[in-house]
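Undergrad: Residue numbers (this note's numbering), protein chains in the order written: chain A, 1 to 172; chain B, 1 to 374; chain C, 1 to 173.
To be clear, the hints were calculated from the coordinates, so they are not data collected in a lab. Yeah, the Cβ is synthetic: ideal placement off N, Cα and C, and Gly gets one too. Any given hint could turn out to be false.
Claimed, not checked - One-sided excerpt, in silico: chain C residues whose CB lies under 8 Å from chain B: (1) Ile-58; (2) Ala-62; (3) Ala-64; (4) Leu-70; (5) Met-74; (6) Val-131; (7) Gly-159; (8) Leu-163.
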Amino acid sequence: MKLSTKTKVIEQGEMTLAERMYLPAIVGGMATTLKHFFSKPVTIRYPEQTRYLGPIYRGQHILKRDEQGAERCTACGLCAVACPAEAISMVAEERKKGEENLYREEKYAKVYEVNMLRCIFCGLCEEACPKEAIFLRHDTMVPVFNSRDEVIYGKDKLVEKMDQRYLRDGWK
Amino acid sequence: MELLNDVFTAKAIFVGIVFAITLGIAAYSTYFERKIAAFMQDRIGPDRAGPFGILQPLADAVKMFMKEDFIPANSNKWLFIAGPCLSMLTALMTSAVVPFGDTVTVAGVTFDLQGIDVNIGILWVFGIVSLGVYGILIGGWASNNKYSLLGAIRAASQNISYELAMGMSIIAILMLTGSLSTKTIVETQQAGHWNILQQPLGFLIFLICSFAECNRTPFDLPECETELIGGYHTEYSSMKLGFYLFAEYINMFISGAVMATLFFGGYDYPGYAFVAGQFGTTVAAFVGMGALIGKALLFVFVFMWVRWTLPRFRYDQLMGLGWTGLIPLAMFNVVVTGFGILIGQPILAGIAGVVILIAGLFLNDAIFRKKKLA
Amino acid sequence: MDISYIWYFLSGLTLLSALMVVLAKNPIHSVLYLVFTFFCISGHYVLLNAQFLMAVNIIVYAGAIMVLFLFVIMMLDLRKNKPDSKSPLTKLAGVIVSGVLLVIFIAAFHKNNMPSPTAEAVGFSSQTGMVENLGKILYSEYLLPFELVSILFFVAMVGAVLLGKREAGERNF
C-alpha cells in the first residue's frame, strides 16, 4: 500500500573503497567537531545571564497603578472567574473618603491573592480585566520557593512599586 | 657510595614528581573531557566550581569519597576490592620506562629524567599493558553480575586481539632502531628525525590499537551503556569506581607519552640546540620534558576529540577490524620497513608503502569486486 | 643487604603461590595464584639478569595465556565442577600420576647431581640474558630449532583457521 506519492526508493549499492576504509569519513567527522569546538556556544550561564524572552512572555503577576499612583483594580472578580485554575481570590471593599489618591475606582480589592502553585500562567486574567489592572510581567519570573507559605502572593508582592514601574515594550 | 645515594634520592624525587604529574593530569583530564565535550556540542560545560570550573576535579573527588562504598552481598569481596586496585597499579607502572627528558644536573647530581632505563623498555610497557586487563577481568567477575562479566569478557578479548597488531607495529620501530630501550629509540630520533616520517602506517595502527587498549570510544564496548548497563563497573560505586575511571585517564596520558616516545621524537623539540647553547643542557632537558608532556596532552586531546565524534563499533566490527584489518596491515608494514632498511631509504619506503597499499586496494577493487547491477 | 636474601624470599613466595594453585578451592583463585607464580618466576629471571625473558614471560604467560585461562574458567559453570563431584577412580589416577612424576623428578635430580652455578664459573657472562646476545644465539647456534618451532606454530595456526572456517552450507545461527 502506498501511503504517499512522494516516496522515493533509494538504491544503496555496495560501498566504494573510500567508504569501506572509513578513514575519509572519520576525518570529515572530526573536521566537523573541530569546527564546532571553535564556534561560539549556543547556551548561556543561565542564572547569571538571562535571555530576552519577548514582549509577551507571561511571568509573575503585577497589579498596575495608574499615572497618579492609584491602584487600578476594582475587585470586579472577572479575573477570578476567568481563571481556569482557580488561583485568584479577592475580598472587595468600598473606598472611604480621602482614599481617592490610593484607589482609582469606588470599590477596591482589600485582599488580592494569587496561588502560584495553582496558577498555570495562561494569561486569561490579563485578558478578562476590564480596568487593565492585572498583567503577567514579561521580565520577571516567579522565583523558586521552599515552603508552601511562600506560595500565596498577596498584595504586598503583587502591587506595582512606584519607584520601579513596570513598562512593557510598545507601551509609551 | 655517596654518589649512588645522591642519584638514588634524585631519582626517587623525580619518580615522585612523575607520579604527581600523571595523577594531576589524569584528574584534570576529567575536567577537560567534559569541557571539550561541551565545546564540541556548542555548550559551555562545567563552570560552577571555581572560575571556569577549574575546581571541578576537586568537587568530583569529594563526591567520589563521600558516596556509599557498596559491596554486593554475593560478590567475591577480596577480588572485588582487588579489581580497581590492579587497574590503578598497572596504569601507574607503565610510566616507569618512558624517558621524560635527557640527562640533567641538579645540585651537582647528574641523572636521567627517566624512571629506569632498562634495555627492554618497550617490552615493559607492553607487558604492563597486557596485565591491565586483569583489573577489569577480576572486577567484572567478582561483581557476580552477568553484565559485569560480559563487559569483562569483552575487555579481555578486545585487549588480547589488539595487542597483536600493536606489537607488530612496534616491531617495525624496533627494526629501524635496533634496540628495545625507549631511551635509545628517542635518541635515534633527535634533531627532527622523527619516526612518524618513516612509519606513517605504523603510527596509524598503533594509534587505533591504543584506542582499543584504553577502552576508549569507538572501542569502549566493555562499558557500553546501551547493552551492558555499565559494563565491568556496573556494581562499583564510590572511589572504587573512581579508580577505574581514573586508571582510564592515566592510561590515556601514558599511551600518549608512549606514542610521542615511539613516533614523535620523545623529548625532542625544534630549537633544542639553541636552548642548550643559551641556557645549558639541564634547562634544555627540562624544556624537553615539557615538550614530551605537551605531545602527550595533544594525544589526550585527540582521544577526546575522537570520543565526541565517532559512534561505537559493533562487536563483530571490532573483532573484524582487529584481526582482518590491522594485523595484516601491520605485517605489510613490517615487510615494507624491512625493504626500506634493505635499500637504505626508510622514509621513501614508508611513503611508498602507503601509496602501494592504497593503489593495491584500488586495483583489487577494480578487478575483483562485482560491478554494481544496473 | 645480601642479594641472596631476595632469592630466598622470592623462592619461598614462588613455592607458596605454586602450592596455593593446587590447594585453592576456587578455580579462579587458582588461576590468579598461577599468575602470581609467573610473576615470581619473572623475578627470578631478573635476578639472573635475563630481562628479556622476564618481559616475555610476563607478556606471553601472565598477559595472554593466563587471561585466556581466566576467560574460559569464567565461562564455565563452576558449581558443576566441585571437587566432590569427581569419582574415587579419578582421584586415584591423579594420585598415581602425580606420585610417579614426583619420583621421576627426584630421580632425575639425584642422577645428574647438578653442581650449583657460581659467578666465578668458567664461561659465565652477566650479559648472556641481554636481548642482543639472546638474538644472536637464537639466530645462529639455535637457528634450526627456532625455525622448527615457528613451523610448528604455523601448522597449529593453519589448523585453527581450518577448524574455525565455515563450511559451505553450514549455518552458525
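Undergrad: Each hint needs a verdict: does it hold in this structure or not?
TA: How the hints compare with the structure:
For the restraint placing Ile-58(C) at the interface with chain B, the shortest Cβ-Cβ distance is roughly 4 Å, inside the 8 Å limit, so the hint holds. Of the supplied interface hints, the one on Ala-62(C) holds, with its beta-carbon coming within about 6 Å of a beta-carbon of chain B, less than 8 Å. With its C-beta approaching chain B no nearer than about 6 Å, Ala-64(C) sits inside the 8 Å limit, and its interface hint holds. With a cut of 8 Å, the hint placing Leu-70(C) at the interface with chain B holds, because the nearest CB-to-CB distance is about 6 Å.
Given hint, Met-74(C) at the interface with chain B, holds; its Cβ is 5 Å from that chain's nearest Cβ, closer than 8 Å. A hinted interface residue such as Val-131(C) counts as satisfied when its beta carbon comes closer than 8 Å to some beta carbon of chain B; here the least separation is about 6 Å, so the hint holds. Hint status for Gly-159(C): violated, given a least beta-carbon distance of 17 Å to chain B, over 8 Å. Using the Cβ-Cβ criterion of 8 Å, the hint placing Leu-163(C) at the interface with chain B is not satisfied: the shortest such distance is roughly 15 Å.
Of the numbered hints stated above, those contradicted by the structure are hints 7 and 8, listed in ascending order.
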